[in-house]
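Enquirer: Here the protein sequences line up with chains A and B, keeping their order. Residues 478 to 779 (this note's numbering) are what the first sequence spells out, left to right. Residues 478 to 779 (this note's numbering) are what the second sequence spells out, left to right.
Careful: at least some of the hints might be erroneous.
Given that identical chains are not distinguished, each listed pair holds provided it fits within a single copy or across any two copies.
[What the hints assert, rightly or not] Listed below are the simulated PhoX-like cross-link pairs for lysine-lysine, each with C-alpha atoms no more than 25 Å apart in a straight line:
id, residue 1, residue 2
1, Lys575, Lys590
2, Lys616, Lys579
3, Lys598, Lys579
4, Lys595, Lys575
5, Lys579, Lys720
6, Lys597, Lys579
Just so you know, the hints here were simulated from the structure itself, not pulled from any lab data.
2 protein chains.
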Amino acid sequence: MNLTILGCYAATPRTFTNPTSQVLEISDRLFLIDCGEGTQLQLRKNRIRFTAINQIFISHLHGDHFYGLIGLISTFSLLNRHNSLTIYGPVGIKEVIKLQLKLANSWPQYELKFVELKSKKSEVIFEDKRVIVKTIPLKHRVYTNGFLFVEKPKERKLNVDKVQEYEIETCYFQNIKNGRDITLEDGRVIPNAELSFDPPAPRSYAFCSDTVYTESIIPIIKDVEVLYHETTFLNSEEHLAEKTMHTTAKQAAMIAKKANVKQLVLGHYSTRYESIKAFKKEAEEIFDNVLLGDDGVVFNFK
Amino acid sequence: MNLTILGCYAATPRTFTNPTSQVLEISDRLFLIDCGEGTQLQLRKNRIRFTAINQIFISHLHGDHFYGLIGLISTFSLLNRHNSLTIYGPVGIKEVIKLQLKLANSWPQYELKFVELKSKKSEVIFEDKRVIVKTIPLKHRVYTNGFLFVEKPKERKLNVDKVQEYEIETCYFQNIKNGRDITLEDGRVIPNAELSFDPPAPRSYAFCSDTVYTESIIPIIKDVEVLYHETTFLNSEEHLAEKTMHTTAKQAAMIAKKANVKQLVLGHYSTRYESIKAFKKEAEEIFDNVLLGDDGVVFNFK
Numbered sequence: 478m479n480l481t482i483l484g485c486y487a488a489t490p491r492t493f494t495n496p497t498s499q500v501l502e503i504s505d506r507l508f509l510i511d512c513g514e515g516t517q518l519q520l521r522k523n524r525i526r527f528t529a530i531n532q533i534f535i536s537h538l539h540g541d542h543f544y545g546l547i548g549l550i551s552t553f554s555l556l557n558r559h560n561s562l563t564i565y566g567p568v569g570i571k572e573v574i575k576l577q578l579k580l581a582n583s584w585p586q587y588e589l590k591f592v593e594l595k596s597k598k599s600e601v602i603f604e605d606k607r608v609i610v611k612t613i614p615l616k617h618r619v620y621t622n623g624f625l626f627v628e629k630p631k632e633r634k635l636n637v638d639k640v641q642e643y644e645i646e647t648c649y650f651q652n653i654k655n656g657r658d659i660t661l662e663d664g665r666v667i668p669n670a671e672l673s674f675d676p677p678a679p680r681s682y683a684f685c686s687d688t689v690y691t692e693s694i695i696p697i698i699k700d701v702e703v704l705y706h707e708t709t710f711l712n713s714e715e716h717l718a719e720k721t722m723h724t725t726a727k728q729a730a731m732i733a734k735k736a737n738v739k740q741l742v743l744g745h746y747s748t749r750y751e752s753i754k755a756f757k758k759e760a761e762e763i764f765d766n767v768l769l770g771d772d773g774v775v776f777n778f779k
Numbered sequence: 478m479n480l481t482i483l484g485c486y487a488a489t490p491r492t493f494t495n496p497t498s499q500v501l502e503i504s505d506r507l508f509l510i511d512c513g514e515g516t517q518l519q520l521r522k523n524r525i526r527f528t529a530i531n532q533i534f535i536s537h538l539h540g541d542h543f544y545g546l547i548g549l550i551s552t553f554s555l556l557n558r559h560n561s562l563t564i565y566g567p568v569g570i571k572e573v574i575k576l577q578l579k580l581a582n583s584w585p586q587y588e589l590k591f592v593e594l595k596s597k598k599s600e601v602i603f604e605d606k607r608v609i610v611k612t613i614p615l616k617h618r619v620y621t622n623g624f625l626f627v628e629k630p631k632e633r634k635l636n637v638d639k640v641q642e643y644e645i646e647t648c649y650f651q652n653i654k655n656g657r658d659i660t661l662e663d664g665r666v667i668p669n670a671e672l673s674f675d676p677p678a679p680r681s682y683a684f685c686s687d688t689v690y691t692e693s694i695i696p697i698i699k700d701v702e703v704l705y706h707e708t709t710f711l712n713s714e715e716h717l718a719e720k721t722m723h724t725t726a727k728q729a730a731m732i733a734k735k736a737n738v739k740q741l742v743l744g745h746y747s748t749r750y751e752s753i754k755a756f757k758k759e760a761e762e763i764f765d766n767v768l769l770g771d772d773g774v775v776f777n778f779k
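Modelling step: build the complete structure from the supplied sequences, incorporating the hints.
Expert: What follows is the structure, given as structure tokens:
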């Protein structure tokens with residue numbers, strides 16, 4: 478699992494900082510999350526293959542999270558994309574994208590699908606044989622969702638030595654990988670735990686931007702491996718965080734701690750601060766494993 | 478008069494090239510023309526003061542000419558802009574911008590005005606005491622206008638020596654600047670030409686992008702000082718130019734010659750060509766005074 482931060486600054490694009498967008502690679506799938514202005518350039522700079530992106534998840538319809546979407550959709554079209562593209566985002570996203578395509582009289586030659594979100598409860602919005610994506614309802618100035626990406630449990634690994642020892646035939650291997658016990662010809666029952674090893678733990682990633690501090694997300698992101706949580710402000714600007722419905726670094730760390738996540742990635746920094754290092758320092762006073770997101774950074778989660 | 482090319486490449490933004498946008502400074506006014514994705518970054522890089530832009534002219538609603546507009550409008554808002562902003566562009570531009578502002582629940586605190594264009598004839602769309610802006614109806618795949626910017630004639634310059642020689646009182650000076658003859662107390666009539674000099678010739682600039690080769694624009698841009706004309710293709714791809722309703726460098730030069738313009742600026746290059754120098758070479762075979770537009774280039778027209 479790895480995460481490429483294409484942009485993680487709040488509000489306006491600037492010469493050296495980009496609005497929110499990131500690419501999550503999990504179980505050989507590539508998911509684009511949010512798409513601020515300039516995302517297509519950031520994808521090029523970070524050498525992400527455009528054709529590998531088949532799903533785009535948009536948290537909310539503030540400009541710094543989706544004004545790059547129409548340009549990306551159009552560029553896909555100009556590059557003769559063939560595979561279908563599905564956009565997940567708040568109600569309204571379909572209307573605004575379709576209106577722009579209509580005005581440009583430029584309809585994509587590939588299939589463009591929309592899954593519009595309006596539920597205030599967590600729901601499964603994507604599922605294939607390897608990965609499930611659920612919404613994480615957030616509390617912001619407009620309807621907003623975070624997204625939880627979880628690998629499905631993988632099959633158990635065969636204990637080859639034991640299988641040979643019991644002379645189990647290959648036709649039973651899949652049953653063992655599926656967790657079943659095996660009855661030998663002499664009637665002995667060999668428990669699965671003896672014939673197989675635990676599979677690698679499912680990877681998981683939670684994206685939470687933008688939101689005021691809310692513990693309502695904790696049951697949804699509980700024990701997640703990596704949590705990206707917005708930290709627009711430092712604790713010294715807590716009043717602004719509350720007013721604008723954003724989070725401080727301290728608050729993000731409190732969420733990480735209470736949800737018992739393994740690692741916390743910070744981002745969505747207000748551009749008022751000269752250095753982002755203070756965010757890490759503040760969060761580490763509460764929570765140990767803090768990673769400082771920044772544009773162009775790639776996190777490889779081993 | 479000077480022209481800053483923020484972007485002059487067709488189709489998709491790329492790492493080192495930008496879609497169409499330019500800033501014209503004429504008679505102390507600053508006009509933004511077209512606004513592809515990333516225009517706000519290009520404005521920053523070229524140190525154009527955001528607050529100096531009060532009018533934005535959008536030629537047509539293809540993405541490479543206007544997908545940066547909503548971001549710029551939002552950024553103006555985040556930067557606490559106060560002065561009003563007027564957008565000139567095809568019918569539909571108001572609906573799409575307002576829809577995006579509504580979905581973001583982010584209304585600018587400044588006055589945002591729209592002048593929607595639909596006429597197929599050239600018309601005056603902006604006029605103040607110094608400058609007039611007219612549309613130049615173009616022929617493209619969607620409704621498209623170029624824009625002609627013309628200074629109003631300035632007042633004549635006083636011939637100070639002559640005025641003193643005839644002992645003309647200062648209260649008559651404005652009449653002389655306005656072109657009136659003067660009757661002295663002894664009844665002699667002094668013709669204005671003897672008392673004043675011609676004012677500097679009005680500056681003029683015509684922006685024409687995107688369009689198929691069309692001589693219908695010649696009467697409108699006749700004798701203009703500077704013509705920016707799109708040259709998406711070279712003559713070797715004339716069939717593509719016709720098919721996609723664009724122009725070749727040769728054709729742009731023919732328009733410049735037939736319209737008797739002083740200087741031709743080229744732009745809107747297809748990204749298929751390795752170097753843009755070939756555009757200049759091809760145009761110069763037809764027309765002498767060719768300038769090669771490129772991102773970040775500033776032309777000072779003395």
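Enquirer: At most 25 Å between alpha carbons: which applies to Lys579 and Lys720, within, between, both or neither?
Expert: Result: close only across copies, 20 Å inter versus 38 Å intra.
Enquirer: 25 Å Cα cut-off: does Lys595 pair with Lys575 within a copy, between copies, both or neither?
Expert: both (19 Å within a copy, 21 Å between copies)
Enquirer: Is it within, between, both, or neither for Lys597 and Lys579, if the alpha carbons may be no more than 25 Å apart?
Expert: Between copies only: 20 Å across, 31 Å inside.
Enquirer: Is the C-alpha distance from Lys616 to Lys579 at most 25 Å within one copy, between copies, in both cases, or in neither?
Expert: Close across copies (18 Å), not inside one copy (33 Å); limit 25 Å.
Enquirer: Between the shortest in-copy and the shortest cross-copy C-alpha distance, which are at most 25 Å for Lys598 and Lys579: within, between, both, or neither?
Expert: This pair counts as between: shortest inter-copy Cα distance 24 Å, intra-copy 33 Å.
Enquirer: Could you place Lys575 and Lys590 in one of the four classes (within, between, both, neither) given a Cα distance threshold of 25 Å?
Expert: The answer is both: 11 Å in one copy and 24 Å across copies each meet 25 Å.
Comparing the model with each earlier hint shows no violations; every hint is respected.
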